[in-house]
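Please construct the entire structure, taking both the sequences and the accompanying hints into account.
So the protein sequences, as listed, match chains A and B.
Under our numbering, read the first sequence as residues 616 to 1194, first letter to last.
Under our numbering, read the second sequence as residues 35 to 178, first letter to last.
No lab work stands behind these hints, which were simulated from the structure alone.
Quick caveat, the model's predicted, so the values are computed rather than measured.
Each computed DMTMM-like pair below joins lysine to aspartate or glutamate, with the alpha-carbon atoms no more than 20 Å apart:
1) A:Lys-1134 with A:Glu-758
2) B:Lys-119 with A:Glu-761
3) A:Lys-662 with A:Glu-684
4) B:Lys-119 with A:Asp-756
5) B:Lys-119 with A:Glu-758
6) A:Lys-1134 with A:Glu-1124
7) A:Lys-662 with A:Glu-676
8) A:Lys-1148 with A:Glu-1166
9) A:Lys-1134 with A:Asp-779
Negatives, chain B to chain A, calculated, CB over 10 Å:
10) Gln-98
11) Gln-122
12) Glu-144
13) Gly-151
Beyond 12 Å from chain A on every Cβ pair, some chain B residues (computed):
14) Glu-97
15) Ala-127
16) Tyr-148
17) Arg-170
18) Ala-174
By construction, the Cβ of each residue, glycine as well, lies at the ideal position given by its N, Cα and C atoms.
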Amino acid sequence: MATPSAGGQAVPLWMGQAHVYPCPSLLSILYAMDSTTPDNEAYGRWKDAYEASPTRDDSFETMSGVPVEPVYGDAPYPGQYPYTRGIHPGMYRGRLWTMRMFAGFGTAEDTNARFKEILRNGGGGLSTAFDMPTLMGYDSDSEWAEGEVGRAGVAVDTLADMEDLFADIDLAKVSTSMTINGPANIALAKYIAVAEKKGIDRAQLSGTIQNDILKEYQAQKEYIYPPRPSMRIVTDMMRYTTAEMPKWHPVSISGYHIREAGSTAAQELAFTLANGFAYVEAAVAAGLEIDAFAKRLSFFFNSHSDFFEELGKFRAARRIWARWMKEHYGAQDESSWKCRFHTQTAGVSLTAQQPEINIARVAIQAFAAAVGGTQSLHTDSYDEALALPTEDAARIALRTQQIVAYETGAAVVADPFGGAPYVEWMTDEMERQAEAIFAHLLDLGNGSILEGVYEGIENGYFVGGIADSAYRFEREVNAGRRIIVGVNAFTEGDDDERQLLRIDPSVEEIQLKRLGEVKQNRNSDAVSQALAKLKADAAVPDLNLMPTTIEAVQAYATEGEITQALADVFGRYTEQAIV
Amino acid sequence: MSADSNSATDEAPERLRIVLAKLGLDGHDRGLKVVARILRDAGMEVIFLGLRQTTSSIVAAVEQEDADAVGLSMHNAGHLTLGPKMVQALADAGLDVPVVIGGIVPAEDEPLLYQAGVAAVLGPGAPATEVVEAVRAAVAQRTA
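Right, dumping it as structure tokens:
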């Protein structure tokens, strides 16, 4: 298959510094034969864009010293609609993907110490993991919280905990990612309140809050209220951040959890993008101009073990999003068409058997994400099927993506697999399957994806579809039709003793004491007033709840109290148990 | 799963009834749902409570449904607290019903769970036959 050099002008091999080849002429002839590009106009536009964007300080050559072009193959080139080949003309030649490792543990003070260490080491991005009670809207002293406080992340009950979490950190200079959904409004309110106390205007705050409530009903199950009032909270936050916080990303639309729950690659792709369309429709219905907020939406995908399927999925995601945003929703701004995404390797693919071999799985998944054009990447630790990751395992995971970035050549050429017949076919196939799902949702919702998603949540379409896929996979593994190395084949060698992470149980005691003190010292009249006002506002559908939520956290109302006040108006969601 | 579903149903005239639940806030329900279908395919009656259950909601279900076993799925490192609590709650209610735990449980924690009275612990990737056998054996031991 011909892969014409998009660079047009071949650089002879002998110009490489390290090696001198005896016979360059033959290769020069081959290059010359391929040097005509099929679409010179598109190529010219790409070249102008590429040359106008800064590149990293790197020689961009192979390990053996062969200089390589920024891209090979056909138009549309990277940075060109529909962005199948990437959202930037030079992709990682401009900037490597962000190596964002998600972590959180113990008390707010413990995590604060970790944040400061990250900042001292030159990192500018902080990523916060909250514990289960915080994610579910319960305080540390709730009966639901027993045994869970500070375990899988940090406990944040009141503004005081958020103050501790970001003590002595200049919030105007860092970018903070908060992985929280059901009580995302409260977490954002606390972050704004902490900044205000430090004298930092909220317009200066930069970061992302996951705030993707739809996938909670479909997969992760960290919901509080029913879907419609929850979507009101999400659109309130989109309206608020669009008006007041231009550097903030109010929703990170996440397929990761959908895949982990057992979906196929195509379901992950389709459900996630459908949720994205649903947020767009909801925000437009709430009065926002599409181009005012669409560029602040971002995505979060899983990278699983079938390399080519994942690659096709990533490429299809960009193409579908661009087409729908431009053609279906009429967005005009190019940045509204670009699907920017974070990727995490597939936790569910990791085996408890011979866990060391998970390092190989993560490496392949990370490579797929890189050549698939991700904007940031979290690599899983090999021991995650056994326990929360140890520091050593997390370091190996980070090193794995550094190897992908600096040793494999994945960051030198954009979309290096583009044009390969199988890869192009897989991209088309992923798109075809996703479009079939969108058609079904449009049908369910009488022409509205948003209504289709609500209906699919209600009638079990999403959870049922995901459970069916998970069961089919398990049956195949059980029947031996699908090999999982170390699990149903090649099982010898699994006898090592391993060091696993244990969370200090005293964290719970410390946090309970902290919460007790805050409750003792706050003005309880102010708390009741703020909660009453929040309830009154919640009953008025058009009011934006963010300002009142900020007032409530400033009065040191707890997360549990605020969610209860809203649940009094909105109700609590309970899932219909479907097997 | 089809291959193993005949042996015990021939021997046991009554269908074995098992309550499956996630205890506490942990929302990882993929494994529990797969296990529900595996046990159902093996001829058992599954009372699927799903997410966000408490020891008392599970005890109530066992009483109401006259269940023979309880299956819990744990992924949030809460097994050492919640496993023994479940065993105790069933004992307090005067129910002689075995508890089987699956999910992410480090091997070194298994003896602690057995000591606390948990009947069986199944690790990640346990094959379907092992899951079915573990439940049957746990029930058989109680009724023997």
